[in-house]
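Engineer: With the hints as extra help, turn the sequences into a complete structure.
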Amino acid sequence: MNKDLTKHHAPGHSACAGCAFPAIVRTVLNEAGENVVVGNATGCLEVTSTLYPYTAWKVPYIHNAFENAAATISGVERAYKILKKKGKVDKKIKFVVFGGDGGTYDIGFQSLSGALERGHDFFYVCYDNGGYMNTGNQRSSATPYGTSTETTPAGKQSFGKMEVRKNLIEIVKAHGVPYAAQANVANLTDLKKKAKKALETEGPTFLLVFSPCTNNWKFPTSQYVNIAKLATETNFWPLYEIENGKYKITYEPNSPKPVAEFLKTQGRFKHLFSEKNKPVLEQIQRMINEEFARIARLAEE
Amino acid sequence: MTNNKKLALTGGYAAALALKHINPDVMAVYPITPQTPIIEIYSKFKADGEVDTEIIHVESEHSAMSACVGSSAAGARTVTATSSQGLSLMNEVVYIAAGLRLPILMAVSARALAAPINIHGDHSDVMGCRDSGWVQIFCENPQEVYDKTIIGMKLAEAVKFPVMVIMDGFNTSHSVENMEDLDDKIVKDFVGEYKPEKYLLDLENPVTFGPVALQNSYFEFRKDMADDFENIQKEYEKICADYEKISGRKYGIFEEYKIKNAEKVIVAMGSVCGTIKDAIDKMEKEGEKVGLMQLNLFRPFPYKDVKKALYKAKEVIVMDRNLTFGTKQALASEISHAIGKEVKSFVYGLGGRDTFQKQIIDMVQGQLKDNYLL
Numbered sequence: 001m002n003k004d005l006t007k008h009h010a011p012g013h014s015a016c017a018g019c020a021f022p023a024i025v026r027t028v029l030n031e032a033g034e035n036v037v038v039g040n041a042t043g044c045l046e047v048t049s050t051l052y053p054y055t056a057w058k059v060p061y062i063h064n065a066f067e068n069a070a071a072t073i074s075g076v077e078r079a080y081k082i083l084k085k086k087g088k089v090d091k092k093i094k095f096v097v098f099g100g101d102g103g104t105y106d107i108g109f110q111s112l113s114g115a116l117e118r119g120h121d122f123f124y125v126c127y128d129n130g131g132y133m134n135t136g137n138q139r140s141s142a143t144p145y146g147t148s149t150e151t152t153p154a155g156k157q158s159f160g161k162m163e164v165r166k167n168l169i170e171i172v173k174a175h176g177v178p179y180a181a182q183a184n185v186a187n188l189t190d191l192k193k194k195a196k197k198a199l200e201t202e203g204p205t206f207l208l209v210f211s212p213c214t215n216n217w218k219f220p221t222s223q224y225v226n227i228a229k230l231a232t233e234t235n236f237w238p239l240y241e242i243e244n245g246k247y248k249i250t251y252e253p254n255s256p257k258p259v260a261e262f263l264k265t266q267g268r269f270k271h272l273f274s275e276k277n278k279p280v281l282e283q284i285q286r287m288i289n290e291e292f293a294r295i296a297r298l299a300e301e
Numbered sequence: 001m002t003n004n005k006k007l008a009l010t011g012g013y014a015a016a017l018a019l020k021h022i023n024p025d026v027m028a029v030y031p032i033t034p035q036t037p038i039i040e041i042y043s044k045f046k047a048d049g050e051v052d053t054e055i056i057h058v059e060s061e062h063s064a065m066s067a068c069v070g071s072s073a074a075g076a077r078t079v080t081a082t083s084s085q086g087l088s089l090m091n092e093v094v095y096i097a098a099g100l101r102l103p104i105l106m107a108v109s110a111r112a113l114a115a116p117i118n119i120h121g122d123h124s125d126v127m128g129c130r131d132s133g134w135v136q137i138f139c140e141n142p143q144e145v146y147d148k149t150i151i152g153m154k155l156a157e158a159v160k161f162p163v164m165v166i167m168d169g170f171n172t173s174h175s176v177e178n179m180e181d182l183d184d185k186i187v188k189d190f191v192g193e194y195k196p197e198k199y200l201l202d203l204e205n206p207v208t209f210g211p212v213a214l215q216n217s218y219f220e221f222r223k224d225m226a227d228d229f230e231n232i233q234k235e236y237e238k239i240c241a242d243y244e245k246i247s248g249r250k251y252g253i254f255e256e257y258k259i260k261n262a263e264k265v266i267v268a269m270g271s272v273c274g275t276i277k278d279a280i281d282k283m284e285k286e287g288e289k290v291g292l293m294q295l296n297l298f299r300p301f302p303y304k305d306v307k308k309a310l311y312k313a314k315e316v317i318v319m320d321r322n323l324t325f326g327t328k329q330a331l332a333s334e335i336s337h338a339i340g341k342e343v344k345s346f347v348y349g350l351g352g353r354d355t356f357q358k359q360i361i362d363m364v365q366g367q368l369k370d371n372y373l374l
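Chains as they are written, first to last, in our numbering: chain X, 1 to 301; chain D, 1 to 374.
These aren't lab readings, by the way, just hints derived from the structure by calculation.
Just so you know, even glycine gets a beta-carbon here, dropped at the ideal spot from N, CA and C.
Just to be clear, a hint being listed does not mean it is correct.
To be verified - Here are the in silico distance ranges between beta carbons for each label pair: (1) X:Lys218 to D:Gln215: 23 to 33 Å; (2) D:Ala115 to X:Lys92: 47 to 57 Å; (3) X:Lys218 to D:Asp224: 38 to 48 Å; (4) X:Glu150 to D:Leu214: 52 to 62 Å; (5) X:Asn2 to D:Asn205: 17 to 27 Å.
Claimed, not checked - Listed next, the in silico DSSO-like pairs over lysine-lysine satisfying Cα-Cα at most 27 Å (straight line): (6) D:Lys250 to X:Lys81; (7) X:Lys246 to X:Lys196; (8) D:Lys185 to X:Lys7; (9) D:Lys250 to D:Lys20; (10) D:Lys160 to X:Lys86; (11) D:Lys20 to X:Lys58; (12) X:Lys58 to D:Lys198; (13) X:Lys84 to D:Lys198; (14) X:Lys84 to D:Lys185; (15) D:Lys198 to X:Lys92; (16) X:Lys84 to D:Lys20; (17) X:Lys58 to X:Lys7; (18) D:Lys185 to D:Lys250; (19) D:Lys234 to X:Lys81.
Structural biologist: Right, dumping it as structure tokens:
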């Protein structure tokens, strides 16, 4: 394995084969340089990287609980500020938080909002796999409309999750943060650029990264990059950034594919291809078209 | 060595003043009655440039304790303050702070817990986390709040456990009493510089805080904690003795008031102890031999010393300012366990209810119709 890639997060962690977050974590941290402290919400990443007596972290790392990664890093960052002022720390240190969508959209939402509002100098990275994957695939507010999960199972009277995903980037943007962006593990060049920009920006910055889960999305482990790529090629997961309030689409497919191309690769959407759920599939396509048009409109302004 | 400057302060102010003399690196706080004076007064110290503490005004008590964990793990001397529902809300992280062995100091203005909601003093909140791995020190008055805040900070860092310094909400936090403080420099020299052994900002020696420990190691982690917790009492007594040298004020694991020849001994904690002492004096004049054991250190519980001090008493009467359901009261059950026999157990002062001398005398003389000082 490329030594440079693993200088912060070592191989030997216990994440599933075909899991997306090791690539996300390594790409992000490689932009952070040598002097970085990592905070982490409870979740797959934490569980697979810190199984005592081992740790995959070659940099200082703190896991506190599920819902408080942003509050925890607030404390670390302020401690740094005062200790630097007192001459007890001399280096310029970056603070990066990783949280899944459960720990970010749901239970950690308040903690994140508080930290963004207070303006701490930190970079929050949410790896979004659209649900509670660590506890075995329950719905979160990031779970896409129409997804069959263990708590929103498709059935005779259900097409899966009936609510639309929370638009977290818009909420983060409403805090007036200088930089928020959406990236995808399938486009590492774009992810790298966004991580670099976020880390170079003073104040709170936020990145939402598409992170397929082989186990619970139900696809072969070899396919996570292809599936993630399809998410962007179908406009299911647009790549864009909001810098000081200004929207910019960083990659746009020449001719977007129908969303069904993406959905059909995963077991969690299998039920949508029945005759009965045809209207749901059409509704998903409409929602995706509208959301992309909204972002495109904002980017033109 | 003492300053001998006479002050008239509330308990809340006394806590803020002690913290000012300590001048910690970070304070993360969220307002709740009756803790608010502590954080308001401290914020004014900061606004006037009298302290250089980074104050993080977080959006909940859960985040207050979470930020404290981050700050303390980063290597900064860290404090907070709370009450009641706030302490309940942070409970999850209260346990984590202890498990991570972080020497956080927390001033608590102890208050009742809902429901029904009540903003006044009792010990329900702190009893709710009595087994969390925090040291719990009770105070009677503003003087004790000032002194024990300083003692608590030094103790936390010496034993690597977080410490709660507890005053009664309103009775102590908002009542003005005479007290003395110490010179700023004397306090700073006493607590010394905080030098953490392992901390996040030490980039050369990266540490993973908060790992997963499963069936093969979790048990050992918790057992080690329990073993280390046993050593706290000795360190507390040592620090109290050192503090006496700089302040002239003597504190122990408990204060004994007229216990020596007492036939009946009352055991209590907090602000009610002043009223009890007055009641004891009154009963003494009438020929009744009653004493008081005023417990300062509730966690770790000093079983051996309590047993030794109470073995001669014919009757032990325990006053709890909390109400447990379906079991014995918190303090009564500890005392009963320590002395190996039943105690008379009474509940007083819930939700800020005043406790009067007459009730205490009636209690001692067996005149109350049940176990409540209603």
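Engineer: Now, for every hint given, state plainly whether the structure supports it.
Structural biologist: Outcome of the hint check:
no.	hint	in the structure
1	X:Lys218 to D:Gln215: 23 to 33 Å	30 Å, holds
2	D:Ala115 to X:Lys92: 47 to 57 Å	49 Å, holds
3	X:Lys218 to D:Asp224: 38 to 48 Å	42 Å, holds
4	X:Glu150 to D:Leu214: 52 to 62 Å	23 Å, violated
5	X:Asn2 to D:Asn205: 17 to 27 Å	25 Å, holds
6	D:Lys250 to X:Lys81	38 Å, violated
7	X:Lys246 to X:Lys196	18 Å, holds
8	D:Lys185 to X:Lys7	45 Å, violated
9	D:Lys250 to D:Lys20	22 Å, holds
10	D:Lys160 to X:Lys86	23 Å, holds
11	D:Lys20 to X:Lys58	37 Å, violated
12	X:Lys58 to D:Lys198	15 Å, holds
13	X:Lys84 to D:Lys198	17 Å, holds
14	X:Lys84 to D:Lys185	23 Å, holds
15	D:Lys198 to X:Lys92	19 Å, holds
16	X:Lys84 to D:Lys20	20 Å, holds
17	X:Lys58 to X:Lys7	7 Å, holds
18	D:Lys185 to D:Lys250	20 Å, holds
19	D:Lys234 to X:Lys81	35 Å, violated
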